[in-house]
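Asker: One letter stands for each residue in the lines below.
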Amino acid sequence: MSETISDEHITLKYFFLAESYNYAPKKPDRDLSEARSLIQEWTRIGTSPSNLETWLNEHKTPLRSLQKLLKELQPQLSDERQVEVKHSHEVIVFCADHSLIKYLGLVELLTKKYFPTVRKISFSVGYDPETVDKWVSVDIEISGDIDDAIEWEDNFVKEWVTSAAYPERTKFTLSCDII
Amino acid sequence: MNPRDFLQTAKDLLKSDKPAACRTAFNRSYYAAYNVGVDLLEKSGHKVSRTAKAHNEVTTYLNNCAIQELVEAQQKLVNLYSDRIKADYQLWPSHVEKINNAKLAVKRAEIVIQTFDSYSSACARQRIAKGINSYKHKIKSVSGTSPDS
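Protein chains in written order, with the numbering used here: chain P, 1 to 179; chain U, 1001 to 1149.
Careful, some of the hints might be misleading.
[To be verified] Going by beta-carbon spacing under 7 Å, a handful of chain U positions derived as facing chain P: (1) 1059; (2) 1076; (3) 1083; (4) 1085; (5) 1090; (6) 1091; (7) 1095; (8) 1104; (9) 1137.
FYI, nobody ran anything at the bench for these hints, they're computed from the structure. These numbers come from a predicted model, not from an experiment. All residues carry an ideal CB built from backbone N, CA and C; glycine is no exception.
Throw the hints in and build the complete structure from the sequences for me.
Answerer: Written out as C-alpha cells, the structure reads:
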C-alpha cells in the first residue's frame, strides 16, 4: 500500500460518526442530510484509500464545505466528558481496505454511550501470529469495578451485534482497562 | 478433560498479582470459554477443525446460528480472544498484566460459558443445528461451496 494518510482520512471518520448519529438520541438532522449524501457518494465509488484520494481531489469544494460543516458539528458530536480518542494511521488504512471505516464512528459512539466512565479510546490493528488474521482492537480505559465493566460491556455488545453487520462486526474487539 | 477446569486454573493463578499470572489467566479464561463453545457446536452436529482456523469456524458458526444470545456470547468470546493474543505475544507492560483486568476476563469467560451451557439441552442443540444448517445452505446456494469445506 503506497497511499499516504492525511488528516482528511482522519476527518472522514467524523463523516461516519455524523452518519452514525442515527443511533444517538440527539439528531442534528438538517446538516447531517448534506453530510450523509456526500458519504453515500463516497461509498458508491468504493472505500479504498486509492479511490478516496480520487474522490477528495474531485470534490475539493464539497470537501471544504463538509469540513466546515464538521467543524460546526463538532460541539454536537463531542461528548460533554473529556474522552481522548486515538487512532493509528495503520488502523485507518486497515479499515479503509476492509470497508470498516463507518464502524469506527459507531464503536466510538456506543463506547461513550455504554461506558459512562470511559476516559480514553484507542484504536489499533490486532494481529494473530498463529492465523495471520487482523482486526481492529478497541482498547478503552474506564474507572469502576469489575461488575460495572461486565454490565457495561453486556449492554455494549447487545447493541453492537444488532447494529453492525456480520462479518464486519467480528473484526472489532473490545478490551477494558480498569484504572 | 473438562474445559471448565481451565477457569479454575485461571482463578488459582490470580491468587498472585504477578504479571505472568495475570497474562496466563487471560489465556486460560479464553480457552475455557472457547472449548466449551467447540463442545456445544460439535454436540450440535457441527465439526470444528483441529487447526488454527478453528477459532474462525467457532466465530462463523455462532454468528450464524440465529440465536441472539449466542451471537452476543460469541462477540464476548472474540473480545477474550483479542486479549489472549495480547497476553501471550505482546510482552510490553499493558492492561493484561493488571489483576483487576484479569479478574474481569475470568468473569467474562464465566458468563460466556453460562450462556453456552444454557443451550446444552437436546432441544436447544437442535435449534443451533437448524440455524447453522440454514446458514450453510444459503452459503452453498450462493457460492457452491460449504463454509466448512
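Asker: Next step is simple, just say for each hint if it's right about the structure.
Answerer: Consistency of the hints with the structure:
no. : hint : verdict
1   : 1059 : holds, 5 Å
2   : 1076 : holds, 6 Å
3   : 1083 : holds, 5 Å
4   : 1085 : holds, 5 Å
5   : 1090 : violated, 9 Å
6   : 1091 : violated, 13 Å
7   : 1095 : holds, 4 Å
8   : 1104 : holds, 5 Å
9   : 1137 : violated, 16 Å
The structure is inconsistent with the numbered hints 5, 6, 9, although it conforms to all the rest.
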